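Kindly generate the complete structure, drawing on both the sequences and the hints.
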Amino acid sequence: MPEIRTGEQLASVYEQYKQLLSTRLGTVVDDDTRMILVCGGTGCHASESEMIVENFQALIHKNGLDGKVVCSISGCFGFCEKGPIVKVFPDNVFYVQVKPEDASEIFDQHILNGHKVKRLLYEDPILKEKMETAEDISFYKLQQRIALRNCGLINPEKIEEYIASGGYQSLAKVLTQMTPQQVIAEMIASGLRGRGGAGFSTGRKWEFASKYASEEKFVICNADEGDPGAFMDRSIMEGDSHSVIEGMMIAGYAIGAQQGYVYIRAEYPLAVKRLEIAIQQARANGLLGRDILGTGFNFDIAIRLGAGAFVCGEETALIHSLQGLRGEPATKPPFPAENGLWAKPTIVNNVETLANIPVIFQRGAQWFNSIGTKTSKGTKVFALAGKVNNVGLVEVPMGTTLREIIYDIGGGIKDGAEFKSAQTGGPSGGCIPKQYLDTPIDYESLQSIGSMMGSGGMIIMSEHDCMVNIARFYMEFIVEESCGRCVPCRIGNKRMLEILTGITEGRGTEADLDELRSLSETIIDTSLCGLGQTAPNPVLSTLKYFLDEYEAHVKEKRCPAGVCQKLMHYKILPEKCIGCTSCARGCPVSCISGTVKQVHTIDQSKCIKCGACMTRCKFGAVVRE
Amino acid sequence: MINLTIDGQPVSVPEGTTILDAARKLNLDLPTLCYLNLEKIKYLNKVASCRICVVEVEGRRNLAPSCATPVSEGMKVITNSKRVLASRRKNLELIISNHPFECLVCAKSTDCELQKLVWEFGINTQRYTGERSEHPIDRSSGALKRDPNKCIMCRRCETMCNEVQTVGALTAFGRGFNTVVAPAEMNPIATSACVYCGQCVSVCPTAALTGVGYIKETWEALFNPKKHVVVQVAPAVRVAIGEEFGMEPGLPVTGKLVAGLRRLGFNAVFDTTFGADLTIIEESREIIERIEDGQEDLPILTSCCPGWINFLEHQFPDLKYIASTCKSPQQMTGAVVKTYYAQKMGIDPKDVVVVSVMPCIAKKYEAALPSEETYGIRDVDYVLTTREIAKMLKEGSINLNHIQDEDFDNPLGFSSGAGVIFGGSGGVLEAALRTVYARMTGHELEDVNFTAVRGMAGIREAEVQVGERTVRVAAVSGLGNARKVLEKIQRREERYDVIEIMACPGGCVNGGGQPYAEERDEIIEKRMHGLYQIDRNSRVRKSHQNPAIQALYEEFLGEAGSRKAHEILHVTGLMSAPADCPK
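Respectively, the protein sequence lines represent chains A and B.
Residue 180 in the numbering used here sits at position 180 of the first sequence, with consecutive numbering throughout.
Going from the second sequence to the numbering used here is simple: count from 1 and add 625.
Derived by calculation from the structure, the hints in this document are not laboratory data.
Just so it is clear, the structure is predicted and the values come from calculations on it, not from any experiment.
Ideal placement from N, C-alpha and C gives every residue a C-beta, glycine not left out.
Accuracy of the hints is not assured; some may be wrong.
[Unchecked claim] Only pairs whose alpha carbons sit at most 30 Å apart, straight line, appear in this in silico DSBU-like list of lysine-lysine: (1) B/Lys707 - A/Lys544; (2) B/Lys701 - A/Lys332; (3) B/Lys1019 - A/Lys332; (4) B/Lys1151 - B/Lys1189; (5) A/Lys544 - A/Lys597; (6) A/Lys344 - B/Lys671; (7) B/Lys1019 - B/Lys741; (8) B/Lys1113 - A/Lys332; (9) A/Lys128 - A/Lys434; (10) B/Lys741 - A/Lys211; (11) B/Lys1109 - A/Lys606; (12) B/Lys945 - A/Lys332; (13) A/Lys173 - A/Lys116; (14) A/Lys344 - B/Lys741; (15) B/Lys1109 - A/Lys344; (16) A/Lys571 - A/Lys544; (17) B/Lys1113 - A/Lys344; (18) B/Lys741 - A/Lys571; (19) B/Lys701 - A/Lys211; (20) A/Lys68 - A/Lys211.
[To be verified] Label-pair restraints from in silico Cβ distances: (21) A/Gly562 - B/Val730: 44 to 52 Å; (22) B/Lys667 - A/Arg204: 36 to 44 Å; (23) B/Gly684 - A/Glu505: 55 to 63 Å; (24) A/Arg304 - B/Leu944: 30 to 38 Å; (25) A/Ser201 - B/Ala1077: 52 to 60 Å; (26) B/Arg686 - A/Lys566: 53 to 61 Å; (27) B/Glu1147 - A/Arg304: 44 to 52 Å; (28) A/Lys555 - B/Val730: 36 to 44 Å; (29) A/Glu505 - B/Gly1021: 48 to 56 Å.
Here is the structure:
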């Protein structure tokens, strides 16, 4: 592909390459060509999806069909529960749980002979029917993929496919037809709010930064996605890095910056690799660097890796880390828009926020504005995980209810269990009980029920989850990740964790619950940064909505969900015990008494609740309650 | 001007003022812990990490740290609501929940800022009894002791070491609950870039950083009938020790201190200022030699401050050879005691113990250096800080308020005004000029005051007419300022003949061993003025006119720069090196 030096050249390259996607989009039906897309996201990658691609490519070559049948990776399709995913075009058939050895069957049956491989199609658990296309599957019906538009459509390692999908046209439009002020106005009009969790108006952030005069300004993409279980940003980086690059460039133009940095966590090697490829290709084609599209606009992007600190997702800590300092946050004000990287005006935007920008300029702020609720426009990507049947990556318009996400998209609770709570916002969020299942999701509504949007992690919990333990888990994460700078977070959260651990181990008292509330107030009120300021949220929301569980733990020393080990006790059922002595022999503290062929008993005062007896008993005589 | 109200009271302050400073204008002393602003030495620690100074601001969701929040027009601040007081108290309770409860046996008891706050807040329970950080205590150096378990992460030491002293030996280490400020990789301080200037000790609110103590060793020597124990007192001590007895900062209490020391049982009480005069004789000879010989060895850099010499030799090794070869007054005094005095008294130098009282912890390090000996015998055995000697006096039931003045012992007891001003930045330079002038021109100065090189400014320059020559001099205090000047010398941007450098901003009066002071900026200046007052009232104001010094040369040393003078009063080679402390 030649260097693209003007907007017209970009348009003609688009014309040239758009047919690359025609088979996939169904715009041109050519019976001869076939396209096989294999999910190349980390999850499916770990299930050897690369081998699937290799096997297909070997078969294509062996059969002399190079060029007629093309197989490549694509970004995350979202249905991670059923991965690895393989899609065959132009039929648009959706295969699930594909193994590398299945490639030959799909190739022989479907590619060569046109017969779909029924056993690899998705079976709807309620209808008990096989679904052929993604559109038929209930997981996808309520989704609207905007940020994820190219994931599962294009090969992220080929810039031609990004351009074929309309990529970089928004950049061209912005650079050749709009002033920075107009760009900012359009961003504000779109209503796009930061997808990293805080939900600040992206347009207003750009406006602030554009107002500060400086020779140097910076655009930073925050790809340090640290919430446990969140992989929205990772999937976008793996599946559509160019959309982030294009978003950064438009941002740079708007505020007057010429240098961008992507600060990405080192634990995302595949995303880093895809991003590196994308940047290299954009540079080679003249779309990144100097005098872009002949407009005189200069912009370049460098990648910086994080080093394993959740707190570096906080914008000022991120900036310090970029500068080679300890990743500790700073007091705000001043905000980075005024005084950021190297003390220059800087905007820090989330990956998903940036991925939305090209499509906003392509289809207009009005269009984006028409999706979502009154205060929260557009869509949100969620990483749906936990005790739900369809674990995966989903994108829905703001205003979709929790019930719709969990039941219609998520397929309901695993193993037919009862829904208990949905956790959103990671360690900064709250647990939402079933009375709020019909809450339409947006920034304000989630805050009003004691949680927050966060970056998009959504963990579903059932009756088999202990809410006290969940609160303890998040607090443990916080204590591990606290930078240590300020007193309330460094020491306060530690004391909260000690109390929570004590409660799960049967040492809690009612006074502890009051202390948790009191500590929470101080930590929220006086922590220096967002990490500390939101750390007590999981505790406060579970105390509010699941007080009964806390009370069972402290008053009765009982864990209703049967999770907290130290509150469980092991019992030998006399009617089942045959006196084989296996449990007694395996007990590390020798607390089981009984002679051969006699019923055995456990001395509860000595039992350490290791569960070895239950593991050893072949007669189901040892139970835990 | 910005107009706001604090607790309903209106106040007007310039833009950029913090809520804390605005409140001070209304005489509202909001409690602080990590915050420290020492304007005169350009030190500001505004990390907002303790969260004790928090206040309510109308319209703001959470509480604001008043030390780091600038005021805005129409701001409404509440400093004493239930919400504010509850959080302040809770944060303080959290701090002490991870702090050793050993006030009774802690070196900072009654001087500890954390202890004071806890007492002021009326906290009388230990609400949290969970895990406590356990770090090893660092006793690797003979001068600076680190107890990371008492660190409250105020970052004052780090700010001082990085921004004012530009040494960079300290950083926050680790993450989360166990984070403390420490040398890189939690290595022992003796292996770090630390120069032992002790400025971190003087800003540390707790006992996380203290000097290594030698009170026990000193008592043992005093009670050992076989030992002849001699004490010497530095200039800066005499204008500060009164503070430990409730007296005015800067009030010279020399005679009372001498009397007190004699009561403690020292066999002789000598004056380090005598050693300062001696340093001037030797160093002025060196200065004149270098000025008259040519440009190559210039500027000459003074060498009486071991913290500064450590900094020079490790961070500017290419310049280390232009320092004077003279020992410091402490070391010269000790050397003369163990040779001249011991000989005169007929005592085996091995039975002489020299204890020095210094405003400084670097002197502890200096006394233990391999180079600081004469004929195989240590010049100085133990170094006590001003704070330590005050404790010894109190332990010995001596109250400086109720004691009559006494004089130092001879032959190392008489000193000039030039010697005593060593304790303030610019003093060594001024003392040297008084003698250099006489030696170079053959005439005595009428007006011996060189006020241009006095004061708190970091770098003071002057040109002095010495006969036909214009001598360019500079006095520098604070290692950050030293770095600036040395870099200029490296780049050959400036030409100086003599530069005096002190590691501590303001000079020894602000040393790491001086009494802890809250309003430090004013107190440092008062101590400085105390020294210049002693100088003004001295009978002899030039080192070369000190009759005791003249006698020493006549009887023992011969001439300035003689072979004997070199053996006893100078060092060859590097001054700094890893050292074990003599026990």
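Verification of the hints:
Restraint check for B/Lys707 and A/Lys544: the C-alpha separation of about 23 Å stays at or below 30 Å, so the hint holds. Distance check on the hinted pair: B/Lys701 and A/Lys332 sit about 19 Å apart at the alpha-carbon level, within 30 Å; holds. The suggested pairing of B/Lys1019 with A/Lys332 is violated, with an alpha-carbon distance near 48 Å, which exceeds 30 Å. The straight-line distance between the Cα atoms of B/Lys1151 and B/Lys1189 is roughly 39 Å, outside the 30 Å bound, and the hint therefore fails.
Restraint check for A/Lys544 and A/Lys597: not satisfied, since their Cα atoms lie roughly 51 Å apart, outside the 30 Å limit. With a CA separation close to 21 Å, the supplied pair A/Lys344 and B/Lys671 stays within the 30 Å bound. With a C-alpha separation of about 22 Å, the suggested pairing of B/Lys1019 with B/Lys741 holds against the 30 Å cut-off. The suggested pairing of B/Lys1113 with A/Lys332 is violated, with an alpha-carbon distance near 37 Å, which exceeds 30 Å.
A distance of roughly 28 Å separates the Cα atoms of A/Lys128 and A/Lys434; the hinted pair therefore holds under the 30 Å criterion. Only pairs whose Cα atoms come within 30 Å are accepted, and B/Lys741 paired with A/Lys211 is rejected, the gap being roughly 46 Å. Restraint check for B/Lys1109 and A/Lys606: the C-alpha separation of about 69 Å exceeds 30 Å, so the hint is violated. Note on B/Lys945 and A/Lys332: the hinted pairing is violated, with a Cα-Cα distance of about 44 Å set against a maximum of 30 Å.
A distance of roughly 43 Å separates the Cα atoms of A/Lys173 and A/Lys116; the hinted pair therefore is violated under the 30 Å criterion. Distance hint between A/Lys344 and B/Lys741 is unfulfilled; the C-alpha atoms sit about 41 Å from each other, more than 30 Å. A distance of roughly 26 Å separates the Cα atoms of B/Lys1109 and A/Lys344; the hinted pair therefore holds under the 30 Å criterion. Simply put, A/Lys571 and A/Lys544 have alpha-carbon atoms about 33 Å apart, too far for the 30 Å limit, and the pair is violated.
Pair hint B/Lys1113 plus A/Lys344 holds up; C-alpha atoms about 29 Å apart against a cutoff of 30 Å. The hinted pair formed by B/Lys741 and A/Lys571 fails the criterion: a straight-line CA distance of about 55 Å is larger than 30 Å. At roughly 28 Å between alpha-carbon atoms, B/Lys701 and A/Lys211 fall within 30 Å of each other, so this suggested pair holds. With a C-alpha separation of about 54 Å, the suggested pair A/Lys68 and A/Lys211 falls outside the 30 Å cut-off, and the hint is violated.
The hint said 44 to 52 Å for the Cβ distance between A/Gly562 and B/Val730, and at roughly 49 Å that hint holds. Against the hinted window of 36 to 44 Å, the Cβ-Cβ separation of B/Lys667 and A/Arg204 comes to about 37 Å, which satisfies the hint. One distance hint, 55 to 63 Å for the beta-carbon pair B/Gly684 and A/Glu505, is violated here, with the actual separation near 43 Å. In this structure the supplied range 30 to 38 Å holds for A/Arg304 paired with B/Leu944, their Cβ-Cβ distance being about 37 Å.
For the pair A/Ser201 and B/Ala1077, the supplied restraint of 52 to 60 Å holds, since their beta-carbon distance comes to about 58 Å. About 38 Å separates the C-beta atoms of B/Arg686 and A/Lys566, a value inconsistent with the hinted range of 53 to 61 Å. In this structure, B/Glu1147 and A/Arg304 meet the distance hint of 44 to 52 Å, their C-beta atoms being roughly 46 Å apart. Remark: the range hint 36 to 44 Å for A/Lys555 to B/Val730 is upheld by a beta-carbon distance near 42 Å.
For the pair A/Glu505 and B/Gly1021, the supplied restraint of 48 to 56 Å holds, since their beta-carbon distance comes to about 55 Å.
Of the numbered hints stated above, those contradicted by the structure are hints 3, 4, 5, 8, 10, 11, 12, 13, 14, 16, 18, 20, 23, 26, listed in ascending order.
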